[in-house]
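2 protein chains.
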Amino acid sequence: MTASTIGLDTPQVTARDKVQGRAMYAGDIKLPGMLHAKVLRSPYPHARIVQIDTRAARALPGVKLVLTGQDTPTRLWGTHRKEQRILATGVVRYCGEEVAAVVAVDEETARDALDLIRVDYEELPALLDAQLALAAGAPEIHAGTANIGHEMRIERGDVAAGFASAVHVYEATYTVHSQYPGYLEPMGTVAQMDGSGKLTVWTSTQSVFLARSRLAEALDRPLSSIRVVQAVTGGGFGAKIVEESNSLICALLASRLQRPVRLVNNRLEDFMGARSSVPMQVRLKMGVDAQGLIVAKDVHILAECGAYSGLAGDVMHVTAMRSDSMHRVQNVRSHAVLAYTHNPPRGSFRGFGGQQMQFPLNSHLTVLAGMLGIDPMEIHARNAIGAGEISVHGWKIGSTGLIDCLAQTRAAISWDAKRQRQPGHGSKRRGVGMAAAMHVSGNRTLGNWDGSTIVLKMSEDARVVLMTSECDMGQGANTMLSQICAHELGIPIAHISVATPDTDVSPYCLGSLASRVTIISGNAVMRAAREAKAKLLQMAADKLQAPLDALVYGDGVVSVKDAPERKATLAELSRLHIFRHGGQGLLVQTTYDAPTVMHDANYYGNVAPAHSFATQAVEVEVDTETGQVTVIDAFVSDDCGKALNPLAIHGQTQGAMAQAIGWTLYEELQIEGGRMMNGNFADYTMPTADSLPSLRTGLIESIDPNGPYGAKGASETAILPGAAAIANAVFDAVGVRINHLPITPEKILAGLRAQKTSGVQHA
Amino acid sequence: MTASTIGLDTPQVTARDKVQGRAMYAGDIKLPGMLHAKVLRSPYPHARIVQIDTRAARALPGVKLVLTGQDTPTRLWGTHRKEQRILATGVVRYCGEEVAAVVAVDEETARDALDLIRVDYEELPALLDAQLALAAGAPEIHAGTANIGHEMRIERGDVAAGFASAVHVYEATYTVHSQYPGYLEPMGTVAQMDGSGKLTVWTSTQSVFLARSRLAEALDRPLSSIRVVQAVTGGGFGAKIVEESNSLICALLASRLQRPVRLVNNRLEDFMGARSSVPMQVRLKMGVDAQGLIVAKDVHILAECGAYSGLAGDVMHVTAMRSDSMHRVQNVRSHAVLAYTHNPPRGSFRGFGGQQMQFPLNSHLTVLAGMLGIDPMEIHARNAIGAGEISVHGWKIGSTGLIDCLAQTRAAISWDAKRQRQPGHGSKRRGVGMAAAMHVSGNRTLGNWDGSTIVLKMSEDARVVLMTSECDMGQGANTMLSQICAHELGIPIAHISVATPDTDVSPYCLGSLASRVTIISGNAVMRAAREAKAKLLQMAADKLQAPLDALVYGDGVVSVKDAPERKATLAELSRLHIFRHGGQGLLVQTTYDAPTVMHDANYYGNVAPAHSFATQAVEVEVDTETGQVTVIDAFVSDDCGKALNPLAIHGQTQGAMAQAIGWTLYEELQIEGGRMMNGNFADYTMPTADSLPSLRTGLIESIDPNGPYGAKGASETAILPGAAAIANAVFDAVGVRINHLPITPEKILAGLRAQKTSGVQHA
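Same order as they appear, the protein sequences are chains A and B. If you count by my numbering, then the first sequence holds residues 1 to 763, one letter each, in order. If you count by my numbering, then the second sequence holds residues 1 to 763, one letter each, in order.
Heads up, a few of these hints could be off.
It does not matter which identical chain is meant; a pair holds if it fits inside one copy or across any two.
[What the hints assert, rightly or not] Using 20 Å as the maximum straight-line C-alpha spacing, the simulated SDA-like pairs for lysine to any residue come out as follows:
#1 K198 to I493
#2 K747 to A172
#3 K198 to A494
#4 K18 to M34
Worth flagging that the hints you see were computed from the coordinates, not collected in a lab.
Bound conformation, chain A alone (with noise of 0.2 Å):
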């Protein structure tokens, strides 16, 4: 039999393309007569446009055009609220706000037109802090919205009884900062016009068919009339769903110049043009009774989403309630405020609102558990959902993986007798910390669909084309697709190829969001490839004179079972399926829409097919002289499903502990009266290899009744526990509880410094 890959390691099929520098990211794309863009952006967080002039710049030999807002579609755009133009138009909401832009002959001649451009800005009062901008009686950054926006507001069970009821309750708040999603390709794109009024746009994007939407209404231009192809896409990490403006303003110059425009940012325009992670601040009150099992919740989330909302709210609402599903507890509450400021706007991320929540959870049940004597490990694994129970907020938890990745975890770090340690003498001290997460696989709330159609094409050599909009960028959908269909039609995956997904020919799908493309697109893939045998083996039936049951498949061969001598070769069949009366090309459509239900306006319901869980151990070292804290070693159990491909799983959850570790201890947005500071990688300190300890991964197979074999959402959830189990090591080593993020040396001097004034030694 031609070897499956299902579960064994298999490198991306995408990946030589990459090495050998052939993939085509936006930037790559030539077209003839091509023309360069670049973008003016604000230099203040709030001003009035008193004045715009553009004469010099559009007098600069080679420029070919200048736009302001004034030149951009009247309707606003925006994710839920309708709220931007594609250029500021009026006033500017934030530094780094695009004003103006210009295409020139070159990126050059741009940047210098650039230059010439005068704006007369009358500065005003910038609101940049969300309690301040929630205050009463502060000015609205958008009219009618008292700085609001969103706000949701949950409550089940009876949390003021739950609370009665506990035997150890505690409170904190807990701060979370912005993360730049810093992936190596900043955004680009290159858009055209053909003569019929279509405009091609090929961009770097997370999901072509969203990006179409948002083209249609920032462009206010007929859905149809954009087709969206997606360029090889160098990591999305969240930020490449639908809130760029990079896309937008490129789409628009080429519709006006009905000339190719290619738009590229550099990486400090990335830094301004891309929505980094919402900051919120998050008070946590848990209640946990004698066992340690939670009673009661009660959180209350302020975030910020700076001067536009994009899909900060859908982050906020996960923040407020998704964690909840981890645990049995039945008495819950939230109050959560998305509150306008004049910082740049942020949105959606690599975790999408896990984190924020995350990190005040497992820091709390640490705390708790050291209230109680017992080990978090343990209080983790006896609130733990089971499979097969239905959670507070209405989902079907299919399967867990938690107490199996506890355990390994817990046997990967030698947790338990690193906590029996001595705390140590020196002036390093080490300590342990865990974290444990969950999240979904797939999200009906993008609409009452959570679907994907695969329409595969075999040619007449018997190898497929898989034609899907989901889109590969980095995270190897591509290469799942490929295994399942391989797996499906044994045959190798080599001759599996995946198109690139392009609104005008690629069937409609979501995109690659909400790691629902593995268990959506993968059962559809799974359909697909099982509904082509089907015809293959019914044309051998045909030809061979068998009964279907009669037939034996594999190795690119169909056989009849007791006359081996009576056979067609896959490829023959699929000629067959052309060459014949009635005949045409074996080409299979087929849709797989998750068993899931939109949530109600209470936001109770069922709305992911699966639920992937991860846990983290870490142990630090803390130099209690310089307050450095340094991760020596890091263990993520990540609960897939089955593992389909394990070298990607366990790459994409060592990117996502890089990620949490970054966010946690190195990386910081430096935005000073509204100004980013740290735009570039010298300064916005991503952790380099150096400063990362081995990541060490392992996985749990929790096979998921929903899955295909089994499969969920792979590594997403192991950006989640990994700053709670640092925080839980700091204080594991010095004693420290640091809240506030990131954990910086001052903070823990700080928090060192006030142990000596409190007298109080750390545990």
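Based on these hints, arrange chain B on the given structure of chain A.
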């Protein structure tokens, strides 16, 4: 109701891109790192390649690769006979044959490098005449062939008895020469390898799937490792089906270099590289009874394919038998031989062998009509096969407009009045002539299938993308498909676009040849649109809670008959088709396979679902002093079934008329000693607008039972009668019968001199 364009003059949907200069022909494509190729061709019609020294060429700065025949796959390619490598190896067989290819940083450097390649040839005797090539003892151009590329014999009825019953038997030999296709866009290709080993080839082609098969064969690569994308194609006329070497060479170079390569023929290269039409000598003997009915027909054809056979055997097959099916003739015999020579290879050309026989046949019929004293129009009408009849070769004539075409032409040209004119006395004499012809619409002989699959994809705004791999090469396929789809769905034609044919993602189709696209893919798109409409109606029935038969569909809305306020727009319905439980994007796949059969071993069988007819009459003026023939009026009546787009049909018919006039009077490939002497548009005199009369055209809508709305292939038939109509008109004008094309002044003057010598006055 949204206005349907079926039957209305409809500008081509591809026109704007072309007239605005935005259409991306292969030569316009730019890829990062793209290199440029040029080809060295043999200066000899027959020579042994003793040695090729490429060192100096390779040493030229900027040169990236030089390939010779030794470097090409050893597998031979060819349509039927496998007889050619991508570059000549060991021996060259015609002057112009591709010997080496150079890739460099730009075209100029590549061209310069050609001059540095030293090829030592040992010139060998060349067979430049078909009869000499077939003579006993002639050296074989391809071993084991006796220089016969193809041979066929057909005999039906009793030919001897037929001749015995004839009142007149006439026999003559005709010569038809080779015509260069003369499309405005020379052949061009860009090819690129990706990291996974897939070779993408953008090329000017009439069939992406046939191109892919041939590339796979010639490059000796798996079929699916090649992706062919149709570049905008600026005319094909049969020469861009499967015989050119441009795409093969370019693809080979790109696969070797692993970098994008562009190879675009200049005009001389295209003259040498393209297959011009197949020259033939036709000896025709026909007998008629007293009523003018053809009672027997005996045909001997000697065709010349040149150095490689390609599709020339298929062309000759058509010449040998197709025109038989115009008539009720029952006794026919054909013997046809295709000879190899050392002339450039010839092949497929608009009309595909039809004109090679219609010239003899129609010349003959006018002669025989004259013998019988019957009007030539009348002899055609008396012999014409009728709708519902089965021809001598088993062809089912579902519809024929021949009788109506004759009447329309007769009236349009004022045939009767002009036939009765007395000959003038000055040096300029006028005459009229006519001819009739038939052509197929589709042809099953390409494989036991003559189908087309359409994938129809409706967006959430109820606009449509059609996926097909039938290629629009200027003839209007995309417009026809859009018209039918718009008509069936009741939406504006502007709401439909046709995706670029692309073997990776487009459904399998055979391509644009044999006038098959309107009838085959027209039926497919009609069915696809009806299926999509049925799905929309079902959505509406569900949404509006009304039975299907209570729904009214129109103007982009479905409403309830008796409650018009209960309604849904198509856009709402197409959105609902996705966003519901179990939903999916509206994507329909339908296939139409013609209700035809493969001919049997004796060439008997109904291979085409429909047949088109055309008649032409011309008035010429012959200058008896200079021998110059001027067409002063020309009218073609084209039986196209239902005329879906009269504007396009009139335009294409006019183009066919112009090409036929060019072939008959002006165009002549001057090949001397195997060398092309006039491979440019200055010396190869295609008719310009001022050398053509007003080309008048009429339509006959015979409504074919197999056609979509009765439509069948349009206007390819229109190229067939021109030569005979002119020859007959010349005879009518000056009594000179020219049987050897082209009709040059020299031949006219020679004929006039012969008249004087023999004392014969013209009729």
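Tested hints:
no., hint, verdict
1, K198 to I493, "between (36 Å within a copy, 14 Å between copies)"
2, K747 to A172, "within (17 Å within a copy, 107 Å between copies)"
3, K198 to A494, "between (35 Å within a copy, 10 Å between copies)"
4, K18 to M34, "between (24 Å within a copy, 18 Å between copies)"
Violated hints: none; the structure is consistent with every hint.
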